[in-house]
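Since chain V is already given, all that's left is putting chain B on it; use the hints.
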Amino acid sequence: MNMKQPDHTTFREWLYLEPDGELKAGERSSLQQHLAACASCRQERRELVAFNEMVDESKIAVGQDFTVEVMTGLPATGWETRSPRTWLAAVVAVLLLGIGSALLIGGAGQEAMSAVPIAAAAAVWELLSSSALAGAGMLAASWKGLGIAFQDVLGQSVWNIVAFGVLILCLDLLLLRYLVRRRTADAKSDHNQT
Amino acid sequence: MPQPNDADLVADILKGEQERFNELVGRYQGRLVNYLYRLLRSTQEAEDLAQEVFFKLYRALDRYDPRYKFSTWLFRVAQNAAIDQIRKRRLVLVSMDRQGTGSDDMGTWEFPSPDPSPYRDQRNRERGEAIQVAIDGLPWDYRELIVLRHFGELSYDEIAKLKEMPLGTVKNKLFRGRQMMKEKLQDFLTD
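These protein sequences, in sequence, are chains V and B. Each residue of the first sequence is one higher than the one before, starting from 11 at the first, in my numbering. Each residue of the second sequence is one higher than the one before, starting from 520 at the first, in my numbering.
No lab work stands behind these hints: they were computed from the structure. Source: prediction; values computed, not measured. The C-beta atom is built at its ideal place from N, Cα and C for all residues, glycine as well. Check the hints yourself; a few may be wrong.
[What the hints assert, rightly or not] Calculated cross-link-like contacts (lysine to aspartate or glutamate; reagent style EDC-like; alpha-carbon spacing at most 16 angstroms): (1) B:Lys701 x B:Glu648; (2) B:Lys701 x V:Glu54; (3) V:Lys34 x V:Glu23; (4) B:Lys701 x V:Glu57; (5) B:Lys701 x V:Glu63; (6) B:Lys701 x V:Glu23; (7) V:Lys34 x B:Asp676; (8) B:Lys607 x B:Glu648; (9) B:Lys690 x V:Glu63; (10) B:Lys690 x B:Asp676; (11) B:Lys703 x B:Asp655; (12) B:Lys588 x B:Glu677.
[To be verified] Every beta carbon over 12 angstroms from chain V, so not counted as near; a handful from chain B, in silico: (13) Pro523; (14) Ile605; (15) Leu610.
Excised from the complex, chain V in its bound form (with noise of 0.2 angstroms):
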């Protein structure tokens, strides 16, 4: 079966295709044989060539620092506190801090290195015990200091009462407002990336 021979058009519109690799073998080898006999088409590329190589030149450089400014300036994300490595080093850090603290407790001597586990175990336990107590106070604390402010100023009248149960019903609204417009928001990039 013979193949259509290609017009002059099609060769021009070839021409720009080749330097971006998007012409097969064949029309490659057409478009050599068209400009072997074809001056306008010869002259057309010179010409493209040109701008190709114009267009490269006008590029600018980026700056120095930029991966440097973007890899400091990565944000927090979601994945990356669930990442095991996150917790990990977490881990990692409160069992060193454990047996440090055992090693400074127990003392360097041979007797103290054999019960080291142990007190390695039982200052990780004191610590984690007295952090998560010291936490309950605070938060006790400041709910009872809530609480006393709040009684201070909502005991004064039915409108304070009222006033801040509106407050409170306009800050649930803009927060379900904002979980609908965030969840429409994911839902939209997650299509836009396919």
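For chain B alone, coordinates are given in the frame of chain V:
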């Protein structure tokens, strides 16, 4: 040793090797900044926006689908960010002169950038500015494709996927866009 592909790098980063994100940044920073520079005409704005784009991608990295090319995703985010930036500029411009028509045509946003030229020597400055004038003279849909191909260095196939256009349309528009640019740059091409 062969270079890991983009999808492998993303997988490594998600496993906890966050520092490998700099390899992705290194791969795409030049193309991205040049792409944004040709749309925004300000080196500073282009670099700032490129950083924002990388931050956006990093935040959403766990939603990357490796069945699709990373470059297509990156330039889609960049394209949306550039359009938002242009619209913001236009709002400022309209509110400054109060002559705006309210049209959403992206072809009407241009105004001279206050940035100094990023080119060091006179010859490159002239040629770089001539290229910019030729790009700015293109209709918006041609301009987008030309900038994606020549400065974003995306393949025809990637552009077709990004713009959700048939491959034939991409080829045709790039052909016409380049011809239009060549006509405007004729003095530089026949030296």
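- Task: Measure nothing beyond the straight line between the CA atoms of Lys690 (chain B) and Asp676 (chain B); if it is 16 angstroms or shorter, mark the hint as holding.
- Result: holds (10 angstroms)
- Message: Please verify whether Lys588 (chain B) and Glu677 (chain B) have alpha carbons no more than 16 angstroms apart.
- Response: Distance of about 8 angstroms is within 16 angstroms: holds.
- Message: Can you confirm whether the C-alpha distance between Lys701 (chain B) and Glu23 (chain V) stays at or below 16 angstroms?
- Response: Holds - the C-alpha atoms of Glu23 (chain V) and Lys701 (chain B) are around 14 angstroms apart, at most 16 angstroms.
- Item | Pairwise hint evaluation, Glu54 (chain V) against Lys701 (chain B), where the allowed Cα distance is 16 angstroms at most | With Cα atoms ~10 angstroms apart, Lys701 (chain B) and Glu54 (chain V) stay inside 16 angstroms; holds.
- Pair hint Lys701 (chain B) and Glu57 (chain V), alpha-carbon separation not exceeding 16 angstroms: Holds, because 8 angstroms separates the two Cα atoms, which is no more than 16 angstroms.
- Message: If we take the beta carbon of Pro523 (chain B), is the closest beta carbon in chain V still more than 12 angstroms away?
- Response: At about 17 angstroms from chain V, Pro523 (chain B) clears the 12 angstroms cut-off, so the statement holds.
- Message: Does Glu63 (chain V) sit within 16 angstroms of Lys690 (chain B), going by the straight-line distance between their CA atoms?
- Response: violated (20 angstroms)
- Message: Can you confirm whether the C-alpha distance between Lys607 (chain B) and Glu648 (chain B) stays at or below 16 angstroms?
- Response: violated (24 angstroms)
- Starting from Lys703 (chain B), check that the Cα of Asp655 (chain B) is at most 16 angstroms away, please. holds (11 angstroms)
- Below or equal to 16 angstroms on CA atoms is what counts here, so check Lys34 (chain V) against Asp676 (chain B). holds (15 angstroms)
- Task: Starting from Lys701 (chain B), check that the Cα of Glu63 (chain V) is at most 16 angstroms away, please.
- Result: holds (12 angstroms)
- Interface-negative label, Ile605 (chain B) against chain V, beta-carbon threshold 12 angstroms: At about 18 angstroms from chain V, Ile605 (chain B) clears the 12 angstroms cut-off, so the statement holds.
In the structure shown, a violation is registered for the earlier hints numbered 8, 9, in ascending order.
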